[in-house]
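K.L.:
Sequence:
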Amino acid sequence: MHRLPGLLLLLALLPIAPARAAIEIVIPEVTEQVRNNVHQFLSLTRYAERDDVTPETMSRLQRRIVAETREALQPLGYYEPEVTYDVAQTDGGWRVTIHVTPGRPVRLSEVSITTVGAGEHDRAIREVIDAQDLKPGLRLNHGTYERVKAALLRSAKNQGYLDARLTKNELVIDRTERRANATIELDTGKRYSYGEIAIAQDVITEDSMRRLLRMKQG
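Okay, so the sequence shown: first residue is 1 according to the working numbering, each after it adds one.
Check before you lean on any hint, since a few could be wrong.
[As the list claims (entries may be wrong)] Straight-line Cα separation of at most 25 Å, SDA-like style, residue types lysine to any residue; simulated pairs:
#1 Lys216 <-> Ile199
#2 Lys157 <-> Arg175
#3 Lys168 <-> Asp130
#4 Lys168 <-> Ile199
#5 Lys157 <-> Glu127
#6 Lys157 <-> Thr144
#7 Lys157 <-> Gly117
#8 Lys149 <-> Leu171
[Unchecked claim] Derived DEER-like restraints, expressed as beta-carbon distance ranges:
#9 Glu32 <-> Lys216: 38 to 44 Å
#10 Arg191 <-> Arg211: 55 to 61 Å
#11 Lys216 <-> Val116: 24 to 30 Å
#12 Glu146 <-> Arg211: 41 to 47 Å
#13 Asp91 <-> Glu32: 53 to 59 Å
#14 Arg191 <-> Asp51: 55 to 61 Å
Rather than coming from a laboratory, the hints here were simulated on the basis of the structure.
We put the CB at the ideal spot given by N, CA and C, even for glycine.
Let the sequences and hints guide you as you build the complete structure.
P.N.:
Rendered as structure tokens:
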């Protein structure tokens, strides 16, 4: 009890920690897809939870906003967006408001997806093509383009075409005309089959074990 006043005096003399200088990033009136992409590209996002953002640091970061935002919109097909921003210092840190007008998007004009090789008419591979995730008139989306390529290769390998590869993989973009041509060609190669199946176990009989297999030679 006698030491309490001294303790209170010591606490009073300790420095008070500065308020957290977090960065609040606001991107109004855009789709969730646009908002998420911009957040991913912004250097500001990496500093959003830091407590050491000085005015000098903020000045350096905000000079990147326009370029990074424009870069973030290109994978979504928007190559000529209008970008402005406001920065305000608040009691808790900083508030950055980014205004984005995406503008007219680049659209797919010509799309060619073909397959050659032993799996040319394989049903699973055809289903990827017939889904028409890429077709003329759609807004260009680089993510969709990459997913279709990956789906073609994955489907071919799942069907046993282990040497499958893309022999053509072209995305030509005309920014002036706002159009893009996509060309994808898959060479499936030959289909692999099971060879001799050897089983090493001593729990059940060989015949019983063979009946449990879900594949067979050939």
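K.L.:
Work down the list of hints and note, for each, if the structure agrees.
P.N.:
Status of the hints after comparison with the structure:
1. Straight-line distance between C-alpha atoms of Lys216 and Ile199 comes to about 12 Å, which keeps the hinted pair within the 25 Å bound.
2. Among the hinted pairs, Lys157 with Arg175 is inconsistent with the structure: their alpha-carbon atoms are about 35 Å apart, more than 25 Å.
3. The hinted pair formed by Lys168 and Asp130 meets the criterion: a straight-line CA distance of about 19 Å does not exceed 25 Å.
4. For the suggested pair Lys168 and Ile199, the alpha carbons sit about 41 Å apart, so the restraint of at most 25 Å is broken.
5. As the CA atoms of Lys157 and Glu127 are separated by approximately 14 Å, the hinted pair is consistent with the 25 Å bound.
6. Straight-line distance between C-alpha atoms of Lys157 and Thr144 comes to about 20 Å, which keeps the hinted pair within the 25 Å bound.
7. The suggested pairing of Lys157 with Gly117 holds, with an alpha-carbon distance near 13 Å, which does not exceed 25 Å.
8. Distance check on the hinted pair: Lys149 and Leu171 sit about 12 Å apart at the alpha-carbon level, within 25 Å; holds.
9. In this structure the supplied range 38 to 44 Å is violated for Glu32 paired with Lys216, their Cβ-Cβ distance being about 49 Å.
10. Checked against the hint of 55 to 61 Å, the C-beta distance between Arg191 and Arg211 comes to roughly 26 Å, which is inconsistent with it.
11. A C-beta distance of roughly 29 Å is found between Lys216 and Val116, which places it inside the suggested range of 24 to 30 Å.
12. Roughly 43 Å separates the CB atoms of Glu146 and Arg211, a value that falls within the hinted 41 to 47 Å.
13. Remark: the range hint 53 to 59 Å for Asp91 to Glu32 is contradicted by a beta-carbon distance near 29 Å.
14. At roughly 59 Å, the beta-carbon separation of Arg191 and Asp51 lies within the given 55 to 61 Å, and the hint holds.
Taken one by one, the earlier hints fail for this structure at numbers 2, 4, 9, 10, 13, listed in ascending order.
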